[in-house]
Structure formats: C-alpha cells, structure tokens
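K.L.:
Below are the chains, spelled out letter by letter.
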Amino acid sequence: MDNKKIIIKMKTEVREKVIEICKKFNNDPGELINVLHQTQDFLGYLPAEVQELIAEELHMPTAKVYGVVSFYAFFTMTPKGKYPVSVCMGTACYVRGGEKILDAFKKELGVEVGETDADGLFSLTSLRCVGACGLAPVAMVNGKVFGRLAPANIKDIVKEYREME
Amino acid sequence: MANYKYHILLCGGTGCTASDSPKIKENFEQLLVEKNLTNDVQVIATGCFGFCEKGPIVKILPDNTFYTQVKPEDCREIIDEHIIKGRKVQRLLYENPEDQKHISDSKHMGFYKKQMRIALRNCGFIDPENIDEYIARDGYKALASVLEQHDPAATIDLIKKSGLRGRGGAGFPTGLKWELCAKNAADQKYIICNADEGDPGAFMDRSILEGDPHSIIEAMAIGGFCIGATIGLVYIRAEYPLAIHRLQVAINQAREYGLLGKNIFGTDFDFDIILRYGAGAFVCGEETALIHSMEGLRGEPTFKPPFPAVEGYMKKPSNVNNVETYANIPVIINKGWEWFSSIGTEKSKGTKVFALAGQINNVGLIEVPMGITLREVIYEIGGGIKGGKKFKAVQTGGPSGGCLTEKFLDTPIDYDNLVAAGSMMGSGGMIVMDETSCMVSVAKFYLDFTVEESCGKCSPCRIGNKRLCEILDKITKGHGTMEDLDKLRNLAHVIKDTALCGLGQTSPNPVLSTIDNFWDEYVAHVTEKKCPAGQCKALKKYVIDPEKCKGCTACARNCPVGAINGTVKMPHEINQELCIKCGTCMEKCKFNAISIK
Numbered sequence: 003m004d005n006k007k008i009i010i011k012m013k014t015e016v017r018e019k020v021i022e023i024c025k026k027f028n029n030d031p032g033e034l035i036n037v038l039h040q041t042q043d044f045l046g047y048l049p050a051e052v053q054e055l056i057a058e059e060l061h062m063p064t065a066k067v068y069g070v071v072s073f074y075a076f077f078t079m080t081p082k083g084k085y086p087v088s089v090c091m092g093t094a095c096y097v098r099g100g101e102k103i104l105d106a107f108k109k110e111l112g113v114e115v116g117e118t119d120a121d122g123l124f125s126l127t128s129l130r131c132v133g134a135c136g137l138a139p140v141a142m143v144n145g146k147v148f149g150r151l152a153p154a155n156i157k158d159i160v161k162e163y164r165e166m167e
Numbered sequence: 005m006a007n008y009k010y011h012i013l014l015c016g017g018t019g020c021t022a023s024d025s026p027k028i029k030e031n032f033e034q035l036l037v038e039k040n041l042t043n044d045v046q047v048i049a050t051g052c053f054g055f056c057e058k059g060p061i062v063k064i065l066p067d068n069t070f071y072t073q074v075k076p077e078d079c080r081e082i083i084d085e086h087i088i089k090g091r092k093v094q095r096l097l098y099e100n101p102e103d104q105k106h107i108s109d110s111k112h113m114g115f116y117k118k119q120m121r122i123a124l125r126n127c128g129f130i131d132p133e134n135i136d137e138y139i140a141r142d143g144y145k146a147l148a149s150v151l152e153q154h155d156p157a158a159t160i161d162l163i164k165k166s167g168l169r170g171r172g173g174a175g176f177p178t179g180l181k182w183e184l185c186a187k188n189a190a191d192q193k194y195i196i197c198n199a200d201e202g203d204p205g206a207f208m209d210r211s212i213l214e215g216d217p218h219s220i221i222e223a224m225a226i227g228g229f230c231i232g233a234t235i236g237l238v239y240i241r242a243e244y245p246l247a248i249h250r251l252q253v254a255i256n257q258a259r260e261y262g263l264l265g266k267n268i269f270g271t272d273f274d275f276d277i278i279l280r281y282g283a284g285a286f287v288c289g290e291e292t293a294l295i296h297s298m299e300g301l302r303g304e305p306t307f308k309p310p311f312p313a314v315e316g317y318m319k320k321p322s323n324v325n326n327v328e329t330y331a332n333i334p335v336i337i338n339k340g341w342e343w344f345s346s347i348g349t350e351k352s353k354g355t356k357v358f359a360l361a362g363q364i365n366n367v368g369l370i371e372v373p374m375g376i377t378l379r380e381v382i383y384e385i386g387g388g389i390k391g392g393k394k395f396k397a398v399q400t401g402g403p404s405g406g407c408l409t410e411k412f413l414d415t416p417i418d419y420d421n422l423v424a425a426g427s428m429m430g431s432g433g434m435i436v437m438d439e440t441s442c443m444v445s446v447a448k449f450y451l452d453f454t455v456e457e458s459c460g461k462c463s464p465c466r467i468g469n470k471r472l473c474e475i476l477d478k479i480t481k482g483h484g485t486m487e488d489l490d491k492l493r494n495l496a497h498v499i500k501d502t503a504l505c506g507l508g509q510t511s512p513n514p515v516l517s518t519i520d521n522f523w524d525e526y527v528a529h530v531t532e533k534k535c536p537a538g539q540c541k542a543l544k545k546y547v548i549d550p551e552k553c554k555g556c557t558a559c560a561r562n563c564p565v566g567a568i569n570g571t572v573k574m575p576h577e578i579n580q581e582l583c584i585k586c587g588t589c590m591e592k593c594k595f596n597a598i599s600i601k
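In order, the protein sequences belong to chains G and D. So for the first sequence, the numbering used here puts the first residue at 3; every next one is plus one. So for the second sequence, the numbering used here puts the first residue at 5; every next one is plus one.
Chain G extracted, bound-state conformation:
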C-alpha cells in the first residue's frame, strides 16, 4: 500500500533501471551487495525509496536492506556533489599531515565531512588509503589523485574545478 506512494515519488526510468539491475542478479537476496553497488553506480546514492524498491524486488525486509546500506562505508544515502572530494586519512597520509589537508578542504568548501555544498558542486569525504602512499598526503577530486599536497595547494585545486563551471 505504502509502495504506491513511493512509485509516484520515483522517476519511472529510475524505477525501471533498478528493477532491471535486480533482475540481472536473478532477484537473489544473496546478491544484495552487488545490486546496491550497481544501483549506486548509476544513481550516485541510495535514497530510502530506492532501498524499499530493492527490498521488494529481492523479496526481503526493507530493514535488512537498510542494515546493509548503513553498515558499509562505501554506500551513501546523501547525493554526492558533481566533484566528489575524498581526502585520504590512511596512516601514511596521516603522519605526513593528511589532517591539515582535510581541514583546508573543509575551510575552502565550507562543509564538514559527509556533506555536500549548497550548489551541489563539491562533496567532502575522508577515505582510508588510496594506495598512493608514495605521494602522501593525497586527495582525490572527481576520481583524479592529487599527491604531495600542502594546505596552501587546496585553494588552487578547488578554483580549478570551480572555473570549469
């Protein structure tokens, strides 16, 4: 009954695509994590209504789906910015000043970790090790790795992306 309301809230193409992804994995509850990965790949995040739809398709309680989404750091329920910024907080970057880089991004973007800025351009997250420890401290902006950073570089990096708009 409730599901009907949700169908109205979701765009038809989103709904169809999610159903298609579930079907690709034979609507098998054991494939939930793969379904969530692919859904997030295409939608960017996993809003509540999408989780309910997946639960329905895989014939499992919504609570289980939510339990999995909230358990894993990779899944997010908030939309990311156009240019997601992830600052590495792995140990190698930490001892080479990763925290200062994160602070500089917070200051420059005016957001806290896990937030997206008002115009939806940048979102800020911290992550554990990109594996480019030789370049520590590093940050990733829209998939591109920036290495050997100093807090003073951050302004220019952000500016570079802002100017693309």
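Don't take every hint at face value.
Result set (DSSO-like, lysine-lysine): computed pairs, CA atoms no more than 30 Å apart in a straight line [as the list claims (entries may be wrong)]:
1. Lys161(G) / Lys585(D)
2. Lys533(D) / Lys108(G)
3. Lys102(G) / Lys165(D)
Partial list, computed: chain D residues near chain G (C-beta under 10 Å) [unchecked claim]:
4. Ser297
5. Gln399
6. Ala424
If you are wondering where the hints come from, they were derived from the structure by calculation, not from laboratory data. Every residue, glycine too, gets a C-beta built ideally from N, C-alpha and C.
Here the structure of chain G is known, so what remains is to put chain D in place on it, guided by the hints.
P.N.:
Quick look at chain D alone, frame taken from chain G:
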C-alpha cells in the same frame, strides 16, 4: 611475433598512474610511430616496481636502465638519446644519496639490494593484462604439475613442509588450513581469496592483483584441487577499480585458454572463479565476517567454532587465504619446499611484502626475507628518515599492531618476534614516524579508526573502544589525569580478553604498545600539559619573540579570530584566550618571530 630490440617497461600501478604514467605511455607510443620504431621497440605497462617514492618509473630492457620521476615531456629525450643513440639520460637516473653518483641498474640501488622477490616476482616485469607473458615466466606450470600428479594429499603435504604461514597477519600455517578443509566431505566446497585490504597504509595485495593477477588465479585453482572445491571466490575491495579490472581481464583470458572452466589440462578437474565486491568495512578482513558479506549480509563476525573449514560460505566447507599467501603457492610448487623453507627464520619461512610508508625517504613496496632487521629495512632499504630527522617509532600491523621503538631495531622480523615485542606482522603495513609524531595522537588515530569500523555486535569492542578513544581525546586536550592512564591500561586488557573477533581482541594494541614504550610522553601530556612532539593542537602555544618581531602587522591582519594585538613597528602579542592555534600567523611571519612553545 615481432623481435623487439628494446622494451620500455612503465609502471602502471595506482601510484604512478596518479602521476601521469598513462600520458607517458601515450607519448612513447606516439613518438615510436613518429620515428618509425614500432617494430623495434615495445612499450609495456607493468605492475608496481615498488619504488613509489621515485615514481613514475620507466625501465628499459635489455640494458636494465631504471629511470625515475619521469614526466610526459621527458619521453622525447629518452627515445632520442637512449633508444636511438644508445646514450643514457643521466639526469633521469637514480642518484645514490651517499655519493651523489648515478646508478642505472636497479639491482645496485640500496632500495633493491636487500630485497628478495617471491610474491612480487612478476610485478614490474610482465604486462599483467597479457596471459602469454605470465606463461612465459613459468605461469600455470605449477597447476599443470599438480593436476598431472593428481595427488591432493601430496600437494598439501608439500605446502605444509614449506612452512608457509598466512600472510594476512595471524600467520596460521597454510598447509594445515588446507588439510582441515580437505578432510571435510561435502557436495560443494569453496576456496576464497581475501583481497579486502582494509588496513590503512597497506597496499601490497592491491599491487599483486594489479601486477600479477594470474598468480592468484593459478594458486586458487591449485588450492581448489587440493581441498576439493570447484568454485573460487575473490572478495575484493570496491575501492580498487584497477585491480578489479586486471583480475577480470585475467580471469577471462584464463577461461579462453582453458585454464579455468571444465576439464582443465584434460583432467577431470573443473574450476572457475567469481568476484565479490566489498563495500568498505575493515571488519570484513576477518574470515567469518568476510563470508557473511559475500552472502549479501552485514559483515559481522560470528563465533568460531564452527570454523569456515567446517561451515563457511553458504554453510559449506570453505578455505580463506590472503592474496599474498596465494602468490607464494605456484613458486613453492615449482621450486620445491626445500628451497622455500631454506629462506627465513626457524618458524617463519619465506619472504614478506611490506608497504613502507610515513616519514621515510624511500616510500614503496618491498619484499624481504623473514629475519631481516627493522634497522636494515628502515635505513638501508628505506634510506633513513626524511629530512634528516630522528627516528621515533615504526608501526607494524596496522590498527591491530603496535609501535616499536629504537630498542627493537635489531630484532629479526618474523611472526613470533613481532608479537613478543608487543606488535604483530599484520598484513604488512610499516609506517615510520619521526620525532614530530605524538604517540598519544597516533594511538588516538588508530582508536578513531577502530571505533568507526567496529561492527557493533559485541559490547567490549563497541563500547570499550569508544571509552578508550574518549580518554585519549581528553589526554590530548590537556585534561587527562594519572588515573586515566591506569584506566586506559585496565580497559585495554579487558577488551583484549573479552571481544568476539580478531578486530576487537587486537584493537587496544596501539594503546598498550604506546603506553609501554612512550610512558613519559603520556605523563608529559597529563602532568605538564605539554605535548613533547608539538603535535597536539590544544597543548600548543604560539608565541611571538619581541626581539625578532618588526611589527609588520602581517600576523595580525591574517589572524582569523583577531587574537593578535600590537601597533605598527612595535612587537606584537598573541592573546592566548582567543587563539585557535591554526598556525596562520606562523606561516605569514617573514621574520621567523613566531614559534610553538
């Protein structure tokens, strides 16, 4: 097949890719077309060479010339000088820090001299996306001989005799693990590869998967044959897109060549591999949690027994090994257990890959025989501490390990010695810290990690670690008491004794090892309210030296909270009540008049 005069090997690992190595490859290829050299010179993107500090790396064969920190614009000079005229480009060669002489062959470099590459044998040598290159280096020969011999018990016995222990960290004997799983009869068994490298600062599994994916496929097939499994599963981090891609390419090629699929090498053995993706949960490195995650559930560990060898994936007997463990298997079979067990110490055989990082000159991926000392690793391979600073500690074992001090520098590295010293082998992260690292903050850094990654199932880990973290936070802010130090120690022991899984049982290690080895530093935070390393923000005090201050007002103008007072051309002063310790004033001062007290 073309007979090339030169091969240009180029690092295609994640680190060098981030420093433009794809662009370098493109430039080389364009230049070869331009100079009409495509039949004489081949450009190959390989796996990681290990010397990440000096990346991107370009190696020219057959003369073994090792170019460091190559930029896309250097390609023309390399082609013009080296390839066409046969003259090495001196400025791109590695400079020996001891005598400033150029070294062109990597085997003479301090970084490589003491290394011994078994698990990384193919990384940096072959094109990981070409199965023929793997086969040319004895690839799939071990699988062929195991299947030909057709005696799983004999192969398991060989692995047992080699003394190989699990490279994921705990060091359980691999042969014994296989034997336990082989003994349990079932209609279906699974062989699983743990590639969920969640330890921050560790990237050896990723480098192996990116540089030599076929070795993992071959080893899993061998393991599958030995324990009686026809399906292999690789649980790999979604954060490693390049490793996933290379592994997928390798699996497809192996299927094409009939090395995966039905009746492998014409025998009755069927085997195939499926990939499963992790989603960023450190606890999933624990084998029961990993299995639950592969089943699509929350990655929470369960009590052992039953062990996965009895009841694992889909409740069937399963064997879980780490990437590096598998990478050793084909070589052990090809070269024999006697050869392998001749390397290393009495109880730890073979080599170990470490990700050397932190405040050290040569950051990179290294593989060394067990029994080497930390001093050799840090000073000879690692080239010593960055900026000539003083060595303070080396952290091994990641969030489950500990910090070792100077007094352990001459301890031979093996599983048992590291545990005895209060740390552990772990998956192989090795982070070097200098005098500017505050050990209380380091302990807090790891506890922050554990608190975030705790799955929440058992209360010692969920609540206990949170309390540990709060006490550490209090100490770094200057509010700690001596009583807190006792509390830290007691609570840490309780968590160790009562937590459900390996993550919880080892999570207090960073606290205990720093308390044991850096007691004075903890006491200084508590009694003197001082951070000897000068890292704890709340305990820092920025002061202006009135002798050096010229009254230029740069600091006062840039202070974000208006905490600096003074008139032009007169010494300024910082109002400590208002100061937020951001350090801007110190950055802006041109006269070095501001220091941290």
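K.L.:
Run the distance test for Lys161(G) versus Lys585(D): straight-line Cα separation, threshold 30 Å.
P.N.:
Holds, at about 26 Å.
K.L.:
Verify the interface restraint on Ala424(D): the C-beta must sit less than 10 Å from at least one C-beta of chain G.
P.N.:
23 Å, violated
K.L.:
Can Gln399(D) be said to touch chain G, with a Cβ gap under 10 Å?
P.N.:
7 Å, holds
K.L.:
Measure nothing beyond the straight line between the CA atoms of Lys102(G) and Lys165(D); if it is 30 Å or shorter, mark the hint as holding.
P.N.:
Violated, at roughly 50 Å.
K.L.:
Hey, does the Ser297(D) contact hint survive, CB to chain G under 10 Å?
P.N.:
Ser297(D) check passes; min Cβ-Cβ to chain G is 7 Å, inside 10 Å.
K.L.:
For the pair supplied as a hint, Lys533(D) and Lys108(G), confirm whether the alpha-carbon distance does not exceed 30 Å.
P.N.:
28 Å, holds
Hints 3 and 6, counting from the list given before, are not met by this structure.
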